[in-house]
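Colleague: Chain residues, written in single-letter form:
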Amino acid sequence: EPEVTQTPSHQVTQMGQEVILRCVPISNHLYFYWYRQILGQKVEFLVSFYNNEISEKSEIFDDQFSVERPDGSNFTLKIRSTKLEDSAMYFCASSEKGLDRSYEQYFGPGTRLTVT
Amino acid sequence: AQSVAQPEDQVNVAEGNPLTVKCTYSVSGNPYLFWYVQYPNRGLQFLLKYITGDNLVKGSYGFEAEFNKSQTSFHLKKPSALVSDSALYFCAVRGLFPAYGQNFVFGPGTRLSVLP
Chain A
-5 EPEVTQTPSH QVTQMGQEVI LRCVPISNHL YFYWYRQILG QKVEFLVSFY NNEISEKSEI
55 FDDQFSVERP DGSNFTLKIR STKLEDSAMY FCASSEKGLD RSYEQYFGPG TRLTVT
Chain B
491 AQSVAQPEDQ VNVAEGNPLT VKCTYSVSGN PYLFWYVQYP NRGLQFLLKY ITGDNLVKGS
551 YGFEAEFNKS QTSFHLKKPS ALVSDSALYF CAVRGLFPAY GQNFVFGPGT RLSVLP
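Protein chains in written order, with this note's numbering: chain A, -5 to 110; chain B, 491 to 606.
Since the hints were made in silico from the structure, they are not lab data. C-beta: ideal position from N, C-alpha, C; glycine also. Do not rely on the hints blindly, as some may be mistaken.
Claimed, not checked - Just a few of them, taken from the derived set where beta-carbon distance is under 10 Å, the chain B residues facing chain A: (1) N531; (2) F536; (3) A582.
Said to hold, decoys possible - Restraint ranges, calculated between C-beta atoms of paired labels, are given here: (4) A:G10 - B:N545: 44 to 54 Å; (5) B:A504 - A:G34: 40 to 50 Å; (6) B:F536 - A:E62: 37 to 47 Å; (7) B:K567 - A:E12: 39 to 49 Å; (8) B:S603 - A:E90: 25 to 35 Å; (9) B:K548 - A:V6: 18 to 28 Å; (10) B:S550 - A:G66: 27 to 37 Å; (11) B:Y529 - A:R16: 15 to 25 Å; (12) A:E62 - B:P508: 22 to 32 Å; (13) B:S603 - A:S3: 34 to 44 Å; (14) B:S603 - A:L33: 46 to 56 Å; (15) A:Q35 - B:N531: 32 to 42 Å.
Work out the full structure: start from the sequences and follow the hints.
Modeller: Listed below in structure tokens is the structure:
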């Protein structure tokens, strides 16, 4: 069964450094998402992406964050200058159809980001 | 605004006994409701969803969930629990209307422990 994959599984970085989290969505999916889960807290929506542009973002997704689909398979989340409070598990998800809200999203295993 | 509550942080059940993981939601209009499960070091896996029709929906691994509109609930159930069902379970809601956006709103999660 196709899966969403994410690399790396764990990233440790120093405050102020840039990080790029990578995801390979399921191949025939067109809608892509990033969520995060701070330890012990809820899974929170960050951003959705379709047709090479952001379709929706939350208030968490400020100017320090950006997303990109650099080629036909990867979907990346960049944090320009990491803060301690960016430490969280970051999940990538993809969906065959996004505008149809009845469709489920498929999640990757997550990247644990630790900012020191 | 949409919200999801999972009133129990932890549910313990003996193997072979029925299990229930509770979920209540708040959203205007009819919602789309989902259950996801998270095993250690894995991403969120889709279990089942309610879109419309029969209030009892069946999903993966023998799980089912009952939509109750009057109680705004969508409890996850399984007639006979297995030790391998031990995991973190998330309820999620998606509003029907574009104003709610494309993203899921997740509950805080319930940790299910099935004891042998």
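Colleague: None of the hints should be skipped; say for each whether it holds.
Modeller: Status of the hints after comparison with the structure:
no. : hint                       : in the structure
1   : N531                       : 7 Å, holds
2   : F536                       : 5 Å, holds
3   : A582                       : 8 Å, holds
4   : A:G10 - B:N545: 44 to 54 Å : 52 Å, holds
5   : B:A504 - A:G34: 40 to 50 Å : 27 Å, violated
6   : B:F536 - A:E62: 37 to 47 Å : 26 Å, violated
7   : B:K567 - A:E12: 39 to 49 Å : 46 Å, holds
8   : B:S603 - A:E90: 25 to 35 Å : 34 Å, holds
9   : B:K548 - A:V6: 18 to 28 Å  : 42 Å, violated
10  : B:S550 - A:G66: 27 to 37 Å : 30 Å, holds
11  : B:Y529 - A:R16: 15 to 25 Å : 22 Å, holds
12  : A:E62 - B:P508: 22 to 32 Å : 47 Å, violated
13  : B:S603 - A:S3: 34 to 44 Å  : 25 Å, violated
14  : B:S603 - A:L33: 46 to 56 Å : 19 Å, violated
15  : A:Q35 - B:N531: 32 to 42 Å : 19 Å, violated
Hints 5, 6, 9, 12, 13, 14 and 15 from the earlier list are contradicted by this structure; the remaining hints agree with it.
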